[in-house]
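Each chain, letter by letter, is given below.
Number of protein chains: 2
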Amino acid sequence: MENFRFYSPTEIVFGKKAENEVGKLLKQFNAKMVFIHYGGGSVAKSGLLARVTRILDDEGIDHFELGGAKPNPRSGLVYEGIKLAREKHADFMLAIGGGSAIDSAKAIAAGTKYEGDFWDFYEGKARITDALPVGVILTLPAAGSEASQSAVITQEKGMLKKGITSWFYRPKFAIVDPEITYTAPMFQMTCGVVDMMGHIFERYFTNSRGTELTDAMSEAVLLSIMKAARKMISDPGDYEARATLCWAGTIAHNGLLGVGKKEDWTTHFLEHELSAFYDVAHGAGLSVMYPAYMEYVMDVNPERFRNLAVRVFGITDNGHEDAESLARKGIEALKEFYREMGMPTNFQELGAKEEDIPELLKTLEANRGKEFGNFRTISLEDAKNIYLLACRK
Amino acid sequence: MENFRFYSPTEIVFGKKAENEVGKLLKQFNAKMVFIHYGGGSVAKSGLLARVTRILDDEGIDHFELGGAKPNPRSGLVYEGIKLAREKHADFMLAIGGGSAIDSAKAIAAGTKYEGDFWDFYEGKARITDALPVGVILTLPAAGSEASQSAVITQEKGMLKKGITSWFYRPKFAIVDPEITYTAPMFQMTCGVVDMMGHIFERYFTNSRGTELTDAMSEAVLLSIMKAARKMISDPGDYEARATLCWAGTIAHNGLLGVGKKEDWTTHFLEHELSAFYDVAHGAGLSVMYPAYMEYVMDVNPERFRNLAVRVFGITDNGHEDAESLARKGIEALKEFYREMGMPTNFQELGAKEEDIPELLKTLEANRGKEFGNFRTISLEDAKNIYLLACRK
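Chains as they are written, first to last, in the numbering used here: chain H, 1 to 393; chain L, 1 to 393.
Don't read these hints as lab results, they were simulated from the structure.
Cross-link-like lysine-lysine pairs, in silico, DSSO-like; alpha carbons within 27 Å at most:
hint, chain 1, residue 1, chain 2, residue 2
1, H, Lys262, L, Lys16
2, L, Lys27, H, Lys113
3, H, Lys172, L, Lys27
To be clear about the criterion: a stretch of chain L counts as covered by chain H if any three or more of its residues have a C-beta under 8 Å from a C-beta of chain H, and this derived list gives those stretches:
hint, stretch
4, 241-247
5, 256-266
Since the structure is predicted, the reported quantities are computational estimates derived from the model, not experimental observations.
For every residue, glycine included, the Cβ atom is placed at its ideal position computed from N, Cα and C.
Taking the hints into account, I'd like the entire structure generated from these sequences.
Following this line, the structure appears as structure tokens:
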């Protein structure tokens, strides 16, 4: 087990009608002028925004709003938000939404307290040393940003998609009401399933030793996610399935399942180029890239992939097959699960093109350099090969 | 899944030589006069105390010490600590030890800021509204108090052993260096194994529905604890086994494995009477009580006990046996595991006596009333029957 630091201080308020606690939570953090940041119109249309602003009004907490955070949230809106936060003297950021609204809110929170360009943080030119406190009302279990220390933003100049981590990015609270997700489109929910499983995979693919406890917990969460996702598909009104996905999405990315390990994140890096280039959903890009990545790197530790196949993907080990063969069956079963969820598993289904690979590699190099990855060091040649594997139907 | 609130803000610094971070952590919390509280002489003898005070001296942080916290920590030392903390104007409690030193430190932390008798908190006459911040250097993985919101104290007047919970009882940080446990006696380590498994059992025995995710994680942690404990027994120098136990002990009791569930705690209540009456180790009392409790209540939900048997205790379900029969085999396997660890599994081995049961029931009633428990409501008659089951060899 590697030495580690685990600090996940976000207060999670979880369950039916949890959003009714928002006023009390904001008061707990002494919020007086709340910047409500959200994404598309659904937060307004569903009546959630009105419910929240009414609670704030009742508590005598001032507030103003900025919507428009898109999937793969853009720098333009962050700049606009920073300007607005300063003009209105915001002292608290309340994100209502999924990963996009939350990540955008985190970047605004840090940028507001920084004199330079917030993108400096993302280019490694400056470190976050202060930020507005952030709270979250989650509408989609997926990114795990509601309790994570990371936020991913796409810089519109050059369409560079980058993520950074900071202790200041840990939300103070996260309100999670699984019933709110009933109005989310099923495609967004299944993208979320792929994303949260990915957050576990990136931590599971490690060369660190002595990680059996965290591995076992990760396998338990992956299994539960897959079961709950299938239940949700067959019965979208199943509360327990949605509650399971909501909680799984949070713990998949709050750091718990990465303790004591060197993490990887290669597939996220490869995918970020797809979602930046084609503006496709992050989860859809991931379901294309994971099987390709896993196939390409499994010879680093076939036993680890064999375990995943047997313990999570339901492959039977009859004692006559080698680890590599079982691992391949596991990857095929993962692909089958993605298909069951209606997710793409190759470039064509995603709307990506083999002939664009040189372009993807260019921005990949600009974002990550010539080499990256921990489980296996990935060169740009390796990256090309993985993209090519992902082109196969 | 029940609605829940999960807030576990303790900063965990984990790994080899983690104790070297203590000065930096104390400065982070602006500590100027640190009250170092510990248990027996081993903290001093091992050189740990000297190492810590040297670090504090180097950082220019003032400090003073009070040792003597015993297993089943007593009210007398808490009163003494409160007096001392006030005299010396302590602004931070640093516990070095296992659950006893930590729980004693928590009670001192709360009592110092309260004008009345700290025991008021334990009798429900007052609520904690302020406390000195508490930090921990853990020496024994067991109680999980390093990241929990609870502390158990034995009031010497009447030998009442009671636990309470409070947000103020969450330590600010917990330093966990698995190498420190090398010097702990093996009996204490195996008591710790029983205790941490118990913290999971108390949350596993629930009638709440939709708990599959937390159940699966709990089973994963239980399995990992049992594997690591066996490794530690056969090779006491195995770092990874000790690291696994240390981390498992923390997450077994930081609330993670109880989310979305009504918890139980009956067996802890029954055991507290044993450790208060006979002053035996809490873990030893628990290994006597769990099999008896489980056998007595399993008909509430045989399926749940069957799952535990099959998923954790290695019982094979060949499809021809009913849940109850498998559940019984599971309980027998748990007993066998306790014996393997050298732990007692009945009153005689513990040094308890059947004829004392009426006395145990008297203090049980004083502490818990005529009925308690969630998984199954336990009357005093039930409690008597469970104690009687625990007398069987």
